[in-house]
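Enquirer: Residues per chain, in single letters:
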Amino acid sequence: MPNKIEEILETAAAIAKGMSVTFKEMMSPTVTENYPDEPPKFEERFRGVHVLQRDESGLEKCVACFLCAAACPAQCIYIEAAENTGAVRISGGERYAQAYNIDYSRCIFCGYCVEACPTDAITHGHGFEIASFNTSTLVYRKERLLAPAPPGARPPEIFTEAPSAH
Amino acid sequence: MAAPVKLTIDGKAVEAAPGTLVIDAAKLVGINIPSFCYYEGLTLQAACRMCLVEVEKAPKLLAACTLPVAEGMVVRTETPVVAEARKYTLEFLLTNHPLDCPVCDKGGECELQDMVFRYGAGESRYSENKLHVDEKQWSPVVFYDGPRCILCFRCVRICSEGMGVGALGIVNRGAVSEIAPNHGDHLECDECGMCIDICPVGALTSGTYRYKTRPWEMDHVGTICTHCSNGCKTTLGVRNGQIIRGNNRDRSGINGEFLCIKGRYGFDFTDHPERLQSPLMRVNGKLEAASWSVALAAVAKKFSEVRARHGSFGVIGSTHTTNEENYYLQKFARSVLGTNHIDHHRSGDVVTLLDALSGTAGSLSTTADLYERKAVLVVGADLSSQQPFLAFQIRANYRHHQARVYVVTENEVREDGIAAATVRVDKGGELAGVHSLAEKLKTESELVIVFGDSIKGEAVRELVAFGNSLGIPVKYVALVDYSNSRGALDMGLVPELLPGYQPSNQPGMTVGEMLESESLEVLWVVGANPLESAAMKAKDAFVVVQEMFLTETAQRADIVLPAASAYEKTGTVTNVTGEVQRLKTGPSTMGAKPDLEIIGLIARDMGLAAAVGPWIADKVFEEIRATVKGYSVPMAIISAGGAAHTMPVNGRIPVESRPDLIHSSRDNLFTSGTLGRYSKMLGSVMEGRQA
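If you read the protein sequences in the order shown, they are chains A and B.
Counted from 1, the first sequence has number 71 at position 71 by my numbering; the numbering is strictly sequential.
Counted from 1, the second sequence has number 323 at position 157 by my numbering; the numbering is strictly sequential.
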């Protein structure tokens, strides 16, 4: 008989001990996020979908030097370069990227491109919702990667003057 | 030769001829001393101080590029002192050199960049503002960015010494020195772009390649230029199936560092908007696009029909197609179509030359001979404008070996400037001019005679007889026009000769006779434009044309088949001196097929493929090597991208060479027959428009 009582007491103690953990955790602040009901929070250095940056005057920072493409271990960056002219100025340097594609079915988000960029044009943003049922939609073109132009930005005077006689 | 000088470089024993520079002697044992201003073959400048080396018992570092070897000299090229000196030299060069490597076209293949990676000096202690000068455009193909220039003067020297043009010079002094073009703000020159290739930094950049891509992004395809007959190697930078640039990246061809405007910029016809990309068939009097299968079937049907009733075929071949295509075409025409009416545009009397040289060995000059032989006689040709690489070889021979150059021409030519004797003659008086040089030429120990289309027929025999009378070894070059003009002759694209200059039993009609003939039923033109300057008599003849563009001949055609250019196929071509080299496939143009394949497919559709064999370039070349005299060239040379010299025949050729049909089209540096018409770049330079 005493055995039975002992058993009941031990069980109750075990439940109390277990529930104490449960109740304690119920009272403490949550660490998980309620994604997708709430937007997730990122550390500043999270490496998400790339953003092609612009300078203060709204010109693209990318000068199409191809170093990101050269650094890329997955070879997912494709660039076509073209020359800025007096009439059409896209970037701050002599040339700009006429096409800039990143293939996200290949990108491994290693960040080498960002490290290689001499003009800080390519950066990692925090975008990550890029899953798709169709891989052909995973090649992001420049238009999709570019940061929005700052409001009211216009290229400085030196860039808008007429081209030289040649 | 004097006894070699013994010295030690980095602990390695070296033997070099007296007078050799230390920088060259080091190369003999595989030691590369860095330099910017020193360039093999050009005069010494000693401007950059990059090649400083430590020499035992010398109190200071010495410049290896101007230091001749001396007996017992002990040289060290990679000591800490040397490395430090080079680092400071680089830092000094970088004081005004903009660090815009990311946008500079040279980035990735820049000698200065490589050196800074090797020796450091990336951090500058110079804090003042750099002197900025705006970039200048000197011509459609040459841009100059002053601040990037490190004043090595290579461009100035290659232009005046290598090209004999002298269009570049230096203005101002000291830190504000600049390279300047000959006409103040623009260049008037050969537009060869040698200055761009030779520039160790990105100061001179190419108008066509500018800001398009980076060097490591391209496939580099070393192939043979398809314009003139000199057979220079040009390395095409291909990206996404498009040629971005032509240059001479590895200097591995017969042409060394040389390329003219055509080899460097004249590739742009390949993606001209008017390029044919689909077969065309005449429907109700108008040419309309058709599919390959329909067009080929129509050609095969017509050919079979005319062949069955033994109708008359005329075949006109090209001076740009490969040896394989020419061989295959004549084989198809002769053995399948049963016609000997096969011809092409002849531009030099190679036939008579070979006949006249019958029985002598080694009398055909190579391009290398023009650089090595002690004397050169140029007869009736403006080499610098028509055969630019041969002219370059002769100039280099004059500079390096003090070759004596003799010129017999109607008009002034650039070679006059280096000539030991010049004879101005009236048209047709070339031979008399040559005879007037007899006494001078007899004093030479050896000679190469280069002659143009004014020497043909009997005149060639007379010239050879004159050469024999000199009593010295004489070699000859009969000039021809285009990239495979020589190959077309070798492969028997003439009515009276089979491949290898074997006489044909039943000579057929020539180009002129075919166009004059009223009974011609089929005219088949492969890569030629005979109707540009002549009309066709046979109004009802069925005309099949294989062409890249809708030329005058193609417009008259009943069926036009779009052909691939020489840059888009493989095969071999033979240059003016009979050197065989292989083409490599660079880009591809959608819809166009190589002529070899087109001919093969016509044969297949006629059910006669077995009679001509496979239309694979390598297989056809094997057959050529086995059957055409002189073409049993070593495959090791051809496969490795080298040039193998051919001697197609050494015996009498018992036919008349038809000197009346031989005339050069006299293309200058900025024209190139049909290809030149469709090259925007060749047409854009002002010298081209004036010429």
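Read the hints as simulated data drawn from the structure, not as lab findings.
Computed from a predicted model, the values in this text were never measured in an experiment.
Where a beta carbon is used, it is the ideal one built from N, C-alpha and C, also for glycine.
Some clues are possibly wrong.
[What the hints assert, rightly or not] According to the in silico footprint, chain B covers these stretches of chain A (three or more CB under 8 Å from chain B):
id	segment
1	33-40
2	45-56
[Stated by the list, open to error] For lysine-lysine, the following DSBU-like pairs were computed, each having C-alpha atoms within a straight-line distance of at most 30 Å:
id	chain 1	residue 1	chain 2	residue 2
3	B	K467	B	K785
4	B	K172	B	K193
5	B	K302	A	K61
6	A	K61	B	K296
7	A	K17	A	K4
8	B	K795	B	K785
[As the list claims (entries may be wrong)] Label pairs and their computed distance ranges (CB to CB):
id	chain 1	residue 1	chain 2	residue 2	range
9	A	G58	B	E275	30 to 36 Å
10	B	G407	A	G125	41 to 47 Å
11	B	E222	A	E83	50 to 56 Å
12	A	E83	B	K223	52 to 58 Å
13	A	Y112	B	E698	54 to 60 Å
14	B	G407	A	I130	27 to 33 Å
15	A	P39	B	S418	58 to 64 Å
16	B	W382	A	G127	25 to 31 Å
Enquirer: Look at each hint and say if it fits the structure.
Expert: Structure-based check of each hint:
1. Chain B is given as covering the segment 33-40 of chain A, and this is violated because 0 residues of the stretch bring a CB closer than 8 Å to a CB of that chain, at least three being needed.
2. Only when three residues or more bring their CB closer than 8 Å to a CB of chain B does the claim for the segment 45-56 of chain A stand; here the count is 0, and the claim is violated.
3. Our distance criterion of 30 Å between C-alpha atoms is met by K467 (chain B) and K785 (chain B), whose separation comes to about 27 Å.
4. Only pairs whose Cα atoms come within 30 Å are accepted, and K172 (chain B) paired with K193 (chain B) is accepted, the gap being roughly 15 Å.
5. Of the supplied pair hints, the one linking K302 (chain B) and K61 (chain A) holds, its CA atoms being roughly 24 Å apart against a limit of 30 Å.
6. Restraint check for K61 (chain A) and K296 (chain B): satisfied, since their Cα atoms lie roughly 22 Å apart, inside the 30 Å limit.
7. A distance of roughly 20 Å separates the Cα atoms of K17 (chain A) and K4 (chain A); the hinted pair therefore holds under the 30 Å criterion.
8. A hinted pair counts as satisfied when its Cα atoms are at most 30 Å apart, and K795 (chain B) with K785 (chain B) qualifies at roughly 17 Å.
9. Take G58 (chain A) and E275 (chain B): their Cβ atoms lie about 33 Å apart, and the range 30 to 36 Å holds.
10. The hinted range of 41 to 47 Å is not satisfied by G407 (chain B) and G125 (chain A), whose Cβ atoms lie roughly 33 Å apart.
11. Between E222 (chain B) and E83 (chain A) the Cβ separation comes to about 52 Å, which falls inside the hinted range of 50 to 56 Å.
12. Checking the proposed 52 to 58 Å range against E83 (chain A) and K223 (chain B) shows it holds: the Cβ atoms sit about 54 Å from each other.
13. Between Y112 (chain A) and E698 (chain B) the C-beta distance comes to about 56 Å, which sits within the given range of 54 to 60 Å.
14. At roughly 29 Å, the beta-carbon separation of G407 (chain B) and I130 (chain A) lies within the given 27 to 33 Å, and the hint holds.
15. Checked against the given bound of 58 to 64 Å, the beta carbons of P39 (chain A) and S418 (chain B), roughly 60 Å apart, stay inside it.
16. At roughly 30 Å, the beta-carbon separation of W382 (chain B) and G127 (chain A) lies within the given 25 to 31 Å, and the hint holds.
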